[in-house]
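All chains should be built: construct the whole structure from the sequences, respecting the hints.
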Amino acid sequence: MSEALEHSDAPSRLGPWLAAARLGWAIESNWADPFVFMTYQIVRPLFGALILVVMFKIVTGQPTSSAVFGQMYVGNAFFILVVQCVSCIGLVIFDDRERYQMLRYIYLAPIGLGAYLAARGMARLAATTVSILFTLAVGAWLFGLRYHLSPADLPYFSLILILGGIATLAMGIMLGGSTMLMAQNGWSMPEGVSGVLYLFCGAVFSIDILPWPFSAVARLIPWTYWLEGIRRSLLGSGYVASLAGLTNAQILLRLGIGTAGTVAVAWLTLRFAEYRAVATGKLDEKTDH
Amino acid sequence: MNWAIETQNLRRVFRGGTVRRLWRRKSAQNGNGETVALDAVDLQVKPGELFGLLGPNGAGKTTLLKILSTLLLPTSGTATVDGIDVAKDPERVRKRINMVSGGEHSGFGILTVRETIWMFAQFYGVPGRVVRERADRMMDILGLTEFAETKVSKLSTGTRQKMNIIRGFVSAPRILYLDEPTLGLDVAVAREVRSFVRAWVDEHPERSIILTTHYMAEADSLCDRVAIIDRGRVRACDTPANLKRDWAPECVYRIEIPLWTQGGHPLDDLDVVRSADVEHHGDRGRTNLRVILENGDGIGAVTERLSQRGVAALSVSRLEPTLEDAFLNLVGHGLAASEEKGR
Ligand SMILES: Nc1ncnc2c1ncn2[C@@H]1O[C@H](COP(=O)(O)OP(=O)(O)OP(=O)(O)O)[C@@H](O)[C@H]1O
Ligand SMILES: [Mg+2]
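Chains Z and Y, in that order, give the protein sequences.
Just so we're aligned, residue 1 is where the first sequence starts under the numbering used here, counting upward by one.
Just so we're aligned, residue 290 is where the second sequence starts under the numbering used here, counting upward by one.
Don't take each hint at face value.
For lysine-lysine, the following DSBU-like pairs were computed, each having C-alpha atoms within a straight-line distance of at most 30 Å [unchecked claim]:
#, chain 1, residue 1, chain 2, residue 2
1, Y, K440, Y, K377
2, Z, K286, Y, K377
3, Y, K377, Y, K533
4, Z, K286, Y, K440
5, Z, K282, Y, K377
6, Z, K286, Y, K443
These are computed hints drawn from the structure, not numbers from a lab.
See the structure below:
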């Protein structure tokens, strides 16, 4: 049998992935018709930030010029990435299975479900960058936040962002992958998990106020160190008192280890979910209505 | 021989069942609420073969295709595709196969037809230039060219199905599964699809297609070999011609009589008549009987009985046995009857 036809045995690594990212982008930019895009990527995050401002004033009575406010604002702004990415990948399986009825064809293609989910999430990641930049700009403009990112910090800051992005994608794949085993009413699970994560990684309140064992969980997950690294680079000082003893390099190291752990758990979860789905026949079974 | 597909003692059991499934064939369910979808299936498909799976609803056709395409694990037994075990090495199997299911409304509405085909070709690592060539050619054959730049959300079900078919073929799979590819298509489009499928196999002697269908004529005219499946078991597997020779009764007659209004038919108490289908044509004042006799000598008894009853036989002709006759003989009932029972 002619081997020339067997091109699929040596596919280009990037081609399939870019094609999936393009699909993700097409779907994202579909609701990037200006109005919907504004709603989801600008207005919603902005309202989140404004609510934070009001709460901060009522609860603490401090002015927004206080250092704590800056830490909260930045943490909240970057956490949008986790929320958006996880809720995006969390819906891919449901949408592809029920709405587009394409999941089985995607699954059968040699691209692999993990790479496909990551590519779909990347598109949202890119769109969300706009939200974050916008929220940060509003912080500077309305609330007088000052960012001190010196060129010397840039490599460190980039590494922090990249590792956090990888951890977030992995988290999305883990949650999205496990929705393979759920009926359609499981769609809200990924968003729920990202809500819990919001409390556990110190996006707004320092992890120091968490009681044991939650504080221990907070110290294991990469997003805690991701936000700490971001705050140190962007605002010049950290937020979590109990992490103050760690050097920047140690923060980066812990983020790296946490990210590697998340990737490993995500990979195992996806493999298990695929195996169970194929064993029980749930992979392309539509929810009965 | 290197089989394209080989299954040995393949079995698949589904546990539990939703309400939907209770409506399906009860006979397939045993006491524990388990459904035996496939049982002791031994099949071999040769490279270059267009192989048909014919069976009533719930026979297990889709289940078999899902196992062969790594979407579902067998409960026991083995299945190999191009010599590779589907359960042990699904990734390698996937590089060699593709699949198209009919009767669905699938597709990413936001992409155009060309973008969809291109994306899937990318997933399979087909170089861009090759994709273009293949897609253009197939769109041309299936009359899809004018829709190439149309968004999938704007396509009719039939046009989507054509796109879906091209999506399946564009990776040039060594083995392709078509699950009721002509379901829901109008007669003309279904014919286009059939000749496209046939031409593909004829052009690529090393590639195989396995196709499931409800349509007897489709299985008969299109497939090199056909396996008749019922309740998870393969009842027979051979060329359509051999199936007819071996399983279709030879003594099938069509008898035309004046319109019969007394219920049943005038031959209902005759032993040589194994079965009879009755078709009334009130407008023409005629009744057609399609009778299957125990043996060729029976026709004498039939005409005798008709004249006893004062019924004129307006015409009597012997019919070529069809695949449907073979199917009836093997499965015990026709497809139409089981369709009512099954759904
Ligand atoms: N996921 C599932 N869970 C439980 N039972 C199932 C499942 N999928 C199929 N079955 C059962 O297995 C049997 C075989 O079904 P299958 O879909 O393979 O039949 P089919 O020959 O493709 O029928 P059709 O002509 O209706 O498409 C049926 O009794 C069906 O109810
Ligand atoms: Mg079926």
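A quick look at each hint next to the structure:
A distance of roughly 39 Å separates the Cα atoms of K440 of chain Y and K377 of chain Y; the hinted pair therefore is violated under the 30 Å criterion. For the hint linking K286 of chain Z to K377 of chain Y, the alpha-carbon distance of about 26 Å falls within 30 Å, and the restraint holds. Simply put, K377 of chain Y and K533 of chain Y have alpha-carbon atoms about 38 Å apart, too far for the 30 Å limit, and the pair is violated. Between K286 of chain Z and K440 of chain Y, the direct Cα distance comes to roughly 24 Å. Compliance with the 30 Å bound is thereby established for this hinted pair.
Taken as a hint, the K282 of chain Z and K377 of chain Y pair is honoured in the structure, with Cα atoms around 19 Å apart against an allowance of 30 Å. Our distance criterion of 30 Å between C-alpha atoms is met by K286 of chain Z and K443 of chain Y, whose separation comes to about 23 Å.
Violated hints, in rising order: 1 and 3; the structure is consistent with all others.
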